[in-house]
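Colleague: Sequence:
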Amino acid sequence: MFIKNDVRYQYTAAALLVRDPNAPQNRVFHLAALGLDMGITEPPIPEPDESEGRYVEGHVIHSAFLPLYDRLQGQRYVGRPLTEMHYNPDARRYEQYFENLGMYWLESEGPEHVRLLNYGAWKCDASCRALNELESALVVLPYQTGRGFRDAVARLGADYTGFAITGAQETPDGYTEQVFENVVLVSDLEKPSRVFVRPMVESLGIKADPLTVPSGKVDDVFYTLQDGLGHNVPQRFVDYIAQHGGMDASGPPITELFRVNDDVERQCFTNLCLELQRQGSGAILVRQLN
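So the mapping is simple: the working numbering equals the position in the sequence shown, first residue as 1, plus 31.
If you're looking for bench data, these hints aren't it; they were derived computationally from the structure.
None of the values given here were measured: they were computed from a predicted structure.
Accuracy of the hints is not assured; some may be wrong.
In silico SDA-like cross-links for lysine to any residue, where the CA-CA straight-line distance does not exceed 25 angstroms [as the list claims (entries may be wrong)]:
| no. | residue 1 | residue 2 |
| --- | --- | --- |
| 1 | Lys222 | Gly205 |
| 2 | Lys154 | Arg123 |
| 3 | Lys154 | Thr301 |
| 4 | Lys248 | Thr197 |
| 5 | Lys238 | Asp279 |
| 6 | Lys154 | Phe268 |
| 7 | Lys222 | Arg290 |
| 8 | Lys222 | Phe268 |
| 9 | Lys154 | Arg290 |
| 10 | Lys248 | Tyr206 |
| 11 | Lys248 | Lys222 |
| 12 | Lys222 | Ala199 |
| 13 | Lys238 | Cys304 |
| 14 | Lys222 | Glu208 |
| 15 | Lys248 | Asp182 |
| 16 | Lys248 | Ala199 |
| 17 | Lys35 | Pro74 |
| 18 | Lys154 | Ala185 |
| 19 | Lys154 | Gly70 |
| 20 | Lys238 | Gln308 |
| 21 | Lys248 | Met278 |
| 22 | Lys238 | Lys222 |
| 23 | Lys248 | Arg225 |
| 24 | Lys238 | Glu296 |
| 25 | Lys238 | Arg290 |
| 26 | Lys154 | Gly205 |
| 27 | Lys154 | Tyr206 |
| 28 | Lys238 | Asn292 |
| 29 | Lys248 | Leu307 |
| 30 | Lys222 | Gly198 |
| 31 | Lys154 | Lys222 |
| 32 | Lys238 | Leu260 |
| 33 | Lys248 | Ala273 |
| 34 | Lys238 | Ala199 |
| 35 | Lys248 | Met231 |
| 36 | Lys35 | Gln56 |
| 37 | Lys222 | Val252 |
| 38 | Lys154 | Pro52 |
| 39 | Lys222 | Thr301 |
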């Protein structure tokens, strides 16, 4: 335990416990909002007509997480949901982030085994490094989202940008730039509120396909680029892009959908690549390529 300004704190693997004697009675004991410290937020979604989970202030808490959420007194200790549930292919687990705690279940065990992510170990860093080797460790690097990029990350969604993997820094062309797992965000020094995604795909060696004609497939949306030619984009990608900043963020398509292996199909845009991944359950997941 440590004390700062009469407030007592103690880290656990999953949280930061707080005792503030000057707080209102129902807030003397509470958990710190470490999820907000990470900058993990997604834009709110409309309340769905039907859902197996529970809609709380802009996000659906997945049904698998509800028993633990309720047992921990919901918003009082877990906090508001910051994201929808997402699949983490690197850790092979399903995750959902809340203000004070994070929850997950391993693909190999199923949704009946819900545990807490290591928010506390992530925040306390060096002193807790041994805990960061466990399955509940957060797959993040110790960089904070730059102040000028926080609104953009909240608008685009943390699943879209990924975590920051560098600090924010000025570039020779007169911008401020920060590299995230999935995209590079750039801010105009003269107009800091103007944040855009830097085109990176072709510079990584991914070549553009020749322009083509509409496929005629029911699930394809044709994006015209030149003289009636363009690229066909699956409706799933169109929906994903619309929810994460639109074509202004992704850039126009530069390839058709192509197969990577039996379980993965990929399409690249000027600023990023998206994948359709078939999971063991038969569900199809839209994932942004790191």
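Colleague: Taking the hints in turn, state whether each one holds.
Modeller: Here is what the structure says about each hint:
1. Lys222 with Gly205: 11 angstroms, holds
2. Lys154 with Arg123: 22 angstroms, holds
3. Lys154 with Thr301: 35 angstroms, violated
4. Lys248 with Thr197: 41 angstroms, violated
5. Lys238 with Asp279: 20 angstroms, holds
6. Lys154 with Phe268: 34 angstroms, violated
7. Lys222 with Arg290: Given that 25 angstroms is the threshold and the Cα spacing comes to 41 angstroms, the pair is violated.
8. Lys222 with Phe268: Given pair Lys222, Phe268 is violated - Cα atoms ~31 angstroms apart, limit 25 angstroms.
9. Lys154 with Arg290: 39 angstroms, violated
10. Lys248 with Tyr206: 42 angstroms, violated
11. Lys248 with Lys222: With Cα atoms ~42 angstroms apart, Lys248 and Lys222 exceed 25 angstroms; violated.
12. Lys222 with Ala199: Holds, because 16 angstroms separates the two Cα atoms, which is no more than 25 angstroms.
13. Lys238 with Cys304: Since the Cα atoms of Lys238 and Cys304 sit roughly 12 angstroms apart, the hinted pair holds (cutoff 25 angstroms).
14. Lys222 with Glu208: The given pair, whose Cα atoms are some 13 angstroms apart, holds under the 25 angstroms limit.
15. Lys248 with Asp182: With a Cα-Cα distance of about 37 angstroms, the restraint between Lys248 and Asp182 is violated, given a limit of 25 angstroms.
16. Lys248 with Ala199: Measuring from Cα to Cα gives roughly 43 angstroms; hence the hint is violated.
17. Lys35 with Pro74: 34 angstroms, violated
18. Lys154 with Ala185: Measuring from Cα to Cα gives roughly 20 angstroms; hence the hint holds.
19. Lys154 with Gly70: Cα-Cα ~12 angstroms, so holds.
20. Lys238 with Gln308: Roughly 22 angstroms between the alpha carbons, so the hint for Lys238 and Gln308 holds.
21. Lys248 with Met278: Distance ~21 angstroms between Lys248 and Met278 Cα, so the pair holds.
22. Lys238 with Lys222: Distance ~32 angstroms between Lys238 and Lys222 Cα, so the pair is violated.
23. Lys248 with Arg225: 37 angstroms, violated
24. Lys238 with Glu296: Holds. Lys238 to Glu296 sits at ~16 angstroms (cutoff 25 angstroms).
25. Lys238 with Arg290: Holds, because 15 angstroms separates the two Cα atoms, which is no more than 25 angstroms.
26. Lys154 with Gly205: Violated, because 33 angstroms separates the two Cα atoms, which is more than 25 angstroms.
27. Lys154 with Tyr206: With a Cα-Cα distance of about 30 angstroms, the restraint between Lys154 and Tyr206 is violated, given a limit of 25 angstroms.
28. Lys238 with Asn292: At roughly 19 angstroms apart (the allowed maximum being 25 angstroms), Asn292 and Lys238 satisfy the hint.
29. Lys248 with Leu307: At roughly 17 angstroms apart (the allowed maximum being 25 angstroms), Leu307 and Lys248 satisfy the hint.
30. Lys222 with Gly198: At roughly 19 angstroms apart (the allowed maximum being 25 angstroms), Gly198 and Lys222 satisfy the hint.
31. Lys154 with Lys222: Status violated; Cα separation ~32 angstroms.
32. Lys238 with Leu260: 17 angstroms, holds
33. Lys248 with Ala273: With a Cα-Cα distance of about 20 angstroms, the restraint between Lys248 and Ala273 holds, given a limit of 25 angstroms.
34. Lys238 with Ala199: 29 angstroms, violated
35. Lys248 with Met231: 29 angstroms, violated
36. Lys35 with Gln56: 19 angstroms, holds
37. Lys222 with Val252: 34 angstroms, violated
38. Lys154 with Pro52: 23 angstroms, holds
39. Lys222 with Thr301: 23 angstroms, holds
Of the numbered hints stated above, those contradicted by the structure are hints 3, 4, 6, 7, 8, 9, 10, 11, 15, 16, 17, 22, 23, 26, 27, 31, 34, 35 and 37, listed in ascending order.
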